[in-house]
Amino acid sequence: MTRLPSGGRIDRNEALTFTLDGVQYTGFRGDTLASAMVAEDALVVAPSIYRGRPRGILTADVTEPNALVQVGEVLPATVVELVDGLKARTLSGIGRLELESDGATYDKKFVHVDVLIVGAGPAGLAAALAASAGGARVLLVDDQPEPGGDLLADTQPLDGGPAAEWAAAVHAQLADRPEVRLLSRSSVFGYYDQNYLLVLERRTDHLATTETNGISRQRVWHVRARRVVLATGARERPLVFENNDRPGIMLASAVRTYLNRYAAVPGQRAVVATTDDSAYQVALDLLAAGITVEAVIDSRSQPPADLMAQVSAAGVEVVPGSVVCGTTGSSETHRLAAVQVCEFAEDGNDGRSGSGDSGFGERSFEADLLAVCGGWSPDVHLFSQSRGSLRWDDAAAGFLPAAAVQAVRCAGSANGVTDLAGCLADGAAAGIEAAALVGRPVAESVVALPEPGRRRPDGARVAPRPVWLTPSRNGLPNDWTEHFVDLHRDATVADVWRATEAGMRSMEHIKRYTTIGTGHDQGATSGVNAAGVVAVALGHGSTSSPGDLGTTTFRAPSIPVSFAALAGRDVGRLHDSARVTPIHPWHVAAGALFEDVGHWKRPWYFPQPGEDLKTAVLRECRAARTGVAVMDATTLGKIEIVGSDAGEFLNRIYTNAFAGLAVGSARYGLMCTADGMVLDDGVTMRLAPDRFYLSTTTGGAAKILDWLEEWHQTEWPQLDVAFTSVTEQWATIAVVGPRSREVIARLAPAIDVTNEAFGFMTFRETELAGAVEGVPARIARISFSGELAYEINVASWYGLAVWEAVMAAGADFGITPYGTETMHVLRAEKGFPIVGQDTDGTVTPYDLGMAWIVSKKKDFVGKRSLRRPDSVRPDRKHLVGLLPIDPTELLPEGAQLVAEGTDLDSLTGQLPVPMVGHVTSSYHSAALERTFALALIKGGRDRMGEIVLAPLGDRIIAATITSPVFYDQEGARRDG
Amino acid sequence: MTEFDSGPGQTGQQHPDWLWRTPDPKRSYDVIVVGAGGHGLATAYYLAKNHGITNVAVLERGWLAGGNMARNTTIIRSNYLWDESAAIYEHALKLWEGLPAELDYDFLFSQRGVMNLAHTLQDVRDSMRRVHANRLNGVDSEWLTPEEVQKACPILNISPDVRYPVLGATWQPRAGIAKHDHVAWAFARRADELGVDLIQGCEVTGFLRDGDKVVGVETTRGSIRAGSVALAAAGHSSVLAETLGLPLPVQSHPLQALVSELLEPIHPTVVMSNHVHVYVSQAHKGELVMGAGVDSYNSYGQRGSVHVIEQQMAAAVELFPLFARAHVLRTWAGIVDVSPDASPIIGRTPFENLYINCGWGTGGFKATPAVGWVLAHTIATGEPHPLNAPFGLERFTTGALIDEHGAAAVAH
Amino acid sequence: MLLISCPWCGEREEPEFGYGGQAHVAYPADPEALDDEQWAQYLFFRANPKGPFAERWVHSSGCRRWFNAVRDTVTNEFVSIYRPGELP
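Taken in sequence, the protein lines are chains A, B and C. In case it helps, the numbering used here puts the first sequence at residues 1 to 976. In case it helps, the numbering used here puts the second sequence at residues 1 to 412. In case it helps, the numbering used here puts the third sequence at residues 1 to 88.
Excised from the complex, chain A in its bound form (with noise of 0.2 angstroms):
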């Protein structure tokens, strides 16, 4: 039984069973895994990563090297919370992803606050009831069930009471102010530029299953700060010393904290090693709580005389001036069974010292616990994070924030403060600071700060005296591979020295070479032990200290944060949400298949039962070139363009001329970027004077918007012309074939649709008749197949609508709806280039052989490139038709082709083999009867009926170079 008999913040009426390893144990509500363990007496975890030596629970914190555990998920002991039924396996420094599908949800939440203070121990508290005392919005986040921090792991009285009464006190005072929000369980772990931090809270982990039941488990919250406090505290460093590693070995505050908080004993028979006052403290409670004290071990010649009293006072022996210098374990539990103590030398840190034998090490305590205190690394994670510098404090003996570079300040023991009375003051004096930088000031004499119980004398405190690496007997430090630096990677002071031994000057590489700090904690309890290693490696002599080798920067995270909690709800349904048209409900009832095209899901194929795509297909042509088919075309970005200078805008744009349109007639429109590369292409109609709709390709309308706002604003100001997306307003329905135009009459009796009256290339505005009757439309005569067509265009909520509407009206014609994929047959089979497939960022408008487009008369933008050397060498890459050899083969989209004649057999040797281009487009025709392919090929419009191959591993597919046009060369069928 390790428990004692009573006292911690534990519920000992809730018994939590849990198993670890496989063997079942009990703890309380209240526990964490680790504390529980150190109560049965289960502290030696898994083996440690690389040289299986035995590990045992070293810190009661998020910083803990050894104890990690498998639940679901890699964690630390330290900080799982005990719930019922809980099942860890303890890991050797690697975990494994189990969880097939998380199955929890994750949130976020953004949120703006005047000071955010992180910490809720004694000056995080503080700071909060002053910055908060005005009126000032103030968020205080902690990573623990309950405030206090420190506090809650404290014997002495504050205020008369507990510590621990008093933290919930002033917790309960803060919660009734309104501003004043308060997250547990909850950590800052990113601290991004002008003040904005990431928490992670914690939600469920805590509960019992049948309680999180519609809670997120975790949320990461977004936070804006005007003013940060940063009370994050400071960690204890563990001491490096041969078998420094033993379980059983543990940080002086962790004792305490198992002890006080948790009432868990780690040990029976303890040692208390120390480079500082504060572990004194640590003794005194493990007295108090009825442990066997062997000796405090003190490495500073004149220990602090108030406290070696009152230990001495109980009978313990403070041997001062000396340090642990080895241990040794029990084989059959492999805890620590002894604590051997040798003297530390005034230049005992140069490395070289003690390594003689005489009296080395005489001294040997039998102990199963050793408290160590290596000193405290003010937690300055965050600081470091948000860009403030840090400093060596040779009297702290840590690194000390020294100057912020954002709004921000630490406070309390992570600013350096070494006492209560001095983390509460300092709190405060950040919290006041805070408010009245945030424009709601508080006065001082608001702020009422507790009475620690305990005062030390003035200048009783002696200086704390580093040791960064002990003694051995040994030989030299080279060969010190036993005094571990970094627990989670294994790595020693032998390490070290071969970094440094094999050239390496610069911690950086040092850290690389040994992987120091590279582990689960990040070398949190590692980075300044390693540093003071180096310093006394790189010979830095008997000064040597950390602050030799400059400072590290920190990053985020300042503790692992799961990729779930990072994703939030940006996965599955809502990962990228997806654009439908008003129309898709129809699409999936009928069965479509879709495509993802920018955002949209486009209908690809509409199969009929036993259909493969390429037999659909192909009916759906037959249906476009010799009946009637429609298309649900709304995904075209549609962008409106008003003004009394959009035409000349346009021309501007666009590489051919759109400032002469007529009213009522729309124009196809190709645009370049500056570099004179095809950009987007679509067809704009010019509603009035004053007025154009203009699109776009499906994927390019949010681009081409922001390309006319760009040029707009930034180039041409003064044009007046302005841009509305209306992509979403409209619905757009092609009505394709020799017989739409009887479909449009039916739907549009008020137009006449002849040829003469509706020409190609204008569009007219009506009222649609029958089912839909008087639902303003404007249809357009505009054709991407050749054939005869109309596009209907209507407000998107009677999209639905006019689509069934025109089903109706063309069933007695077997209307057909067709997809995306016949939509590039149609158009390939005209030489219709698919900006973004038959073009790729590297293709001119002369390249398609559109020279017909580009005017010669304006400027636009993209014009003065097309004459630069590169663009007017006659091998470019040309857009030409392709006509396989064999009608029946289908050349795939990709493939590259070379000339005839290109020895191919090289394939095997002489590479690489030159290519003349690729096939961008390929497919069955219908109306061909055949196959064919358009594709870029050098030189192409001057190699018409040569023969280019295909070559494809497995075979070569020969075919020959044509115009793109195949089908109604003449232009025969778009007036029907």
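FYI, nobody ran anything at the bench for these hints, they're computed from the structure. Note that CB positions come from ideal geometry on N, CA and C, so glycine has one too. Take these hints with a grain of salt, some might be off.
Said to hold, decoys possible - What follows is a list of derived Cβ distance ranges for each label pair:
#1 A702/A to I155/B: 55 to 65 angstroms
#2 Q969/A to E383/B: 42 to 52 angstroms
#3 A662/A to P350/B: 32 to 42 angstroms
#4 E264/B to G85/A: 17 to 27 angstroms
#5 L194/B to Q910/A: 29 to 39 angstroms
#6 P84/C to G660/A: 24 to 34 angstroms
#7 D870/A to T243/B: 27 to 37 angstroms
Since the structure of chain A is provided, determine the placement of chains B and C on it from the hints.
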């Protein structure tokens, strides 16, 4: 191969007992290479090895290989679309295959294959185009169906019900990863051994000029004369070139990456998805190594914006549901110098004896040995090697870009 | 994540904005008068300083307006933000 003995630490990777000297700079050198990243170190190595030029200094303002060489996601592949790109990256890959033996350093080069996922029909077309081009260029390249994708990487979600289903992937079996730091150390060790001075903590601040001829550099440790000077300092090269009034068409952007905790082997290959912006491999030690898209804005700050990481995590969990409870342990950013056509600039400059190597964007690590090879050649002979001839500065004037941005290209 | 003060909308988060690279690079008045080298300078060559940089942003998910900013490319701090036609 030498049997390295790293002592009982055995921290997963072994290193030689001796790496390099820490010399003081001499007054003059035949060649000064600015920047001791992978490119600079490889250049120095090949100057010495291929051309017998050993009176060389590599000047580094910080610590050797501490810039992008320390910050990339270690992917090596050569399956680029355009002939010019495929040629130089494939030359690199062939060199990679011999380097562990040649440099006598096991830098964990692992040819575990790289997969580029296709999520849309246009992705498929572009991928097929690249596969066919790669094969004719002598680059191993295959197309995998979704089922083959899952066979090669069982943890990938190939369900048709996800937002952007996996429609297939290109696959380069010879591609893979290597341990970036150790690659740099391998080059550094051999360069040092051949007499090259590797000088760290020595920042180049300007040039010594004789008219339009560069005859040395000004540094924080004094001026040093040189027969030739080569800039291999990524975006910082453009800052230095600016002091000569020589503008370079590159823009520096953060590119973020991250690692998870150590995990038992689960991910046997390298998966990249341009469409959803994520790429991931599992390093030898066990951590997942991931990268995202480039941050939009110019920066030298070596940190990016967190929403880029969040988007990357969402994409990662979509593709690999098993990753949900992996943890991000550390994030960081490199500073990539991006050129207008996403292809590098390697060659001569308008200044005599000044050579430039920059604009590698996200492709720098994988090209490391080839850069060293061709830049050393260019410096030693005064003429570009056939492999870097297409990558000269003049292409921006003629318009002969090598546009790896384009639809068919893949970043990183 | 940058906090960007749109001159029309006020402070907004970075994902609302698009980036436009170097500011004050005007489209040449007469592109046809430029030789290939001059045209290439306009097309491709932009400053890439380490330090203050005059650049363009567009509030894409807000007012859709373009504006200019001087930002330090090392610290990411905005030195000034100003509308087109204004001075820093």
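Here's how the hints hold up against the structure:
Checked against the hint of 55 to 65 angstroms, the C-beta distance between A702/A and I155/B comes to roughly 33 angstroms, which is inconsistent with it. Taking the beta carbon of each, Q969/A and E383/B are about 50 angstroms apart, inside 42 to 52 angstroms as hinted. Distance hint for A662/A and P350/B: a CB-CB separation of about 52 angstroms, inconsistent with the stated range 32 to 42 angstroms. At about 25 angstroms, the beta-carbon gap between E264/B and G85/A stays in the expected band of 17 to 27 angstroms.
Range check, L194/B to Q910/A: about 34 angstroms between beta-carbon atoms, so the 29 to 39 angstroms window is met. For P84/C paired with G660/A, a C-beta distance near 30 angstroms keeps the hint of 24 to 34 angstroms intact. Distance hint check: the CB atoms of D870/A and T243/B are about 30 angstroms apart, consistent with the given range 27 to 37 angstroms.
In summary, the structure is inconsistent with hints 1, 3 from the numbered list given earlier, while agreeing with the others.
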